[in-house]
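Throw the hints in and build the complete structure from the sequences for me.
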Amino acid sequence: MQWFNTSLTKLAEAPTERAINLAISLTARKLGKAYLTLDAGDMAAAQTARPGWQPQRWSVDQAARVAILLATVNGDVEAFRRRLTQLLRTADFGELVAFYQGLPLYPAPSDLRALAAEGVRTNMRAVFEAVAHANPYPSEQLPDGPWNQMVLKALFVGSTLAPIIGLEQRCNNDLALMLCDYAQERWAAGRAVSPELWRCVGPIITDRTLACLSRALKGDDPIEQEGAALALFSNGSETALALLAQATGSLRERAQNGELNWERLLPGGGE
Amino acid sequence: MNDNEQAAPLRFIDPHIHMFSRTTDDYIQMAAAGVVAVIEPAFWLGQPRTSVDTFIDYLSTVVGWERFRAAQFGIRHYCAIGLNSKEANNEALAEEVLDILPRYLSKEGVVAVGEIGYDDQTEAEDRAYRAQLELAKELDMLVMVHTPHRDKKRGTSRSMDVALEHGLDPSRVIIDHNNEETIDEVLDKGFWGAFTLYPHTKMGNERFVDIVKQYGSERIFCDSSADWGVSDPLAVPKTYHLMLERGIAPATAQTVCYDNALAAYGQSGQMQADHWEHPPAIDQRILYEGNSVLRGQEPTIPQGTEAVEELIIR
Chain A
2 MQWFNTSLTK
12 LAEAPTERAI
22 NLAISLTARK
32 LGKAYLTLDA
42 GDMAAAQTAR
52 PGWQPQRWSV
62 DQAARVAILL
72 ATVNGDVEAF
82 RRRLTQLLRT
92 ADFGELVAFY
102 QGLPLYPAPS
112 DLRALAAEGV
122 RTNMRAVFEA
132 VAHANPYPSE
142 QLPDGPWNQM
152 VLKALFVGST
162 LAPIIGLEQR
172 CNNDLALMLC
182 DYAQERWAAG
192 RAVSPELWRC
202 VGPIITDRTL
212 ACLSRALKGD
222 DPIEQEGAAL
232 ALFSNGSETA
242 LALLAQATGS
252 LRERAQNGEL
262 NWERLLPGGG
272 E
Chain W
55 MNDNEQAAPL
65 RFIDPHIHMF
75 SRTTDDYIQM
85 AAAGVVAVIE
95 PAFWLGQPRT
105 SVDTFIDYLS
115 TVVGWERFRA
125 AQFGIRHYCA
135 IGLNSKEANN
145 EALAEEVLDI
155 LPRYLSKEGV
165 VAVGEIGYDD
175 QTEAEDRAYR
185 AQLELAKELD
195 MLVMVHTPHR
205 DKKRGTSRSM
215 DVALEHGLDP
225 SRVIIDHNNE
235 ETIDEVLDKG
245 FWGAFTLYPH
255 TKMGNERFVD
265 IVKQYGSERI
275 FCDSSADWGV
285 SDPLAVPKTY
295 HLMLERGIAP
305 ATAQTVCYDN
315 ALAAYGQSGQ
325 MQADHWEHPP
335 AIDQRILYEG
345 NSVLRGQEPT
355 IPQGTEAVEE
365 LIIR
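Chains A and W are the protein sequences, given in the same order. Counting from 2, one number per residue, gives the positions in the first sequence under our numbering. Counting from 55, one number per residue, gives the positions in the second sequence under our numbering.
Just so you know, these hints were derived from the structure itself, not from any lab. Every value quoted in this text rests on a predicted model; they were computed, and no experiment measured them.
Below, simulated BS3-like cross-link-like pairs (lysine-lysine); rule was C-alpha separation at most 27 Å, straight line:
1) Lys-31(A) x Lys-11(A)
2) Lys-207(W) x Lys-243(W)
3) Lys-140(W) x Lys-206(W)
4) Lys-31(A) x Lys-191(W)
5) Lys-206(W) x Lys-267(W)
6) Lys-11(A) x Lys-191(W)
One-sided and incomplete, this derived list gives chain A residues near chain W with beta-carbon spacing under 7 Å:
7) Ala-29
8) Phe-94
9) Val-98
10) Ala-127
Idealized CB from N, CA, C, for every residue including glycine.
Quick look at the structure:
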């Protein structure tokens, strides 16, 4: 902790790029990489400080890196954005994860959309998830285009949708269509479709989405069936429930009594 | 195979390999053969770079994407960062690169300043080498020295003398690409002596076997330096098995294929057996995606004379 506090003081006095870079690089060596131990009080404080912020899977070095970066904010948000861009440019793997996790906390968030969209383009899954999972930033800031790409990519790289904040709120027609097309692609290739996919299709009832939901509901894969059933049940409209009525009794029941829920419905039955 | 060999799982380290130029097939085979960790030194790309920005992107790849990519196959990736001897000859560019190196030297997984040294032994190379030795001293880092392929004996001597001149502790400097002509002086002066097992131009592994028989295993280890040329990313495991075939004790073979590399580069504090045997929870999640990769899995071991012939690199 002493190194950390001393670093913050030094950076407040002389925030050179070299000093900032060095401090951020050294955090893992100096502080270790243990997960933060946060109790209910800490989590409540986090919510108060920044609603939607979920630091429960941050590690000490990740938190320190974001803290150091935030300490350099001195009112000049454009300078901050330039600094973050520069740091991302020369970041190592661990730093990338840390910087993207910090997105909800940075000033002038709407100025950082391009950076976030770039973060979602990565093929390094943990870096992708640093933007997409347990992070309020994407649903608050990303326009539909990058948001849709993010959701689709999560499925592509074998990541999960459940930890994405704002899935229901950000549903849109385009995304529903893209996901239906993706499901068709998977079926054509003889591959399973993630049950989570239907969560972002269910809210949008059109002929196309109904057709896809119907196929999943009546198909061979019990996990796909569950996803489709839950999506239709969540929609709750007459049309959706009419389709759900065509499912087996037990499936309908499990959707109705809450046994099926998105947190537990994972590809492969979850592990 | 005798009982000694069955006792502990076979593990290998390749402490000098340019994974940037290798495919995922290589990672798969290396992991299957028992390689648990690699060190990738920053080097040239075949085509000379012409701007510092390409160095930046390359170094970022080495500490970012390559580290991640290796982990996907259960291999722990470390690196050395530096300006290589060839590109030190572009003096204007060299100056810019030396300027940005400090940004990378303290990053996680950077075990040494390297690979630095001489190629043609020009004045420009000498300046860049010395500047980086000073950086290594300032940041208390290890040094990985690339010894020249032409005029090697004199170049190696000079590399060591200059390192000592700048006050570096030889036990914190690894002299790489050794051969029969250089190893005496390297060991005498207290440096680590690494041997690159690479067909045609560097050290064949039958010759390496003879060197181990002659000198023993103290401060000696081997690597593949596999890159975009004709090279073999399985050089280290193959050489281990060849050593056993040629009558070297398993413990000695293990020392030059694993323990010494770990001892040398572990001095950086950035590389420990725990990283691949018991990774910290966060690394398990973000690097290995929660999968327990290749632990307790038996590496593939060649059998029979044809297989032994395949072990040889000359």
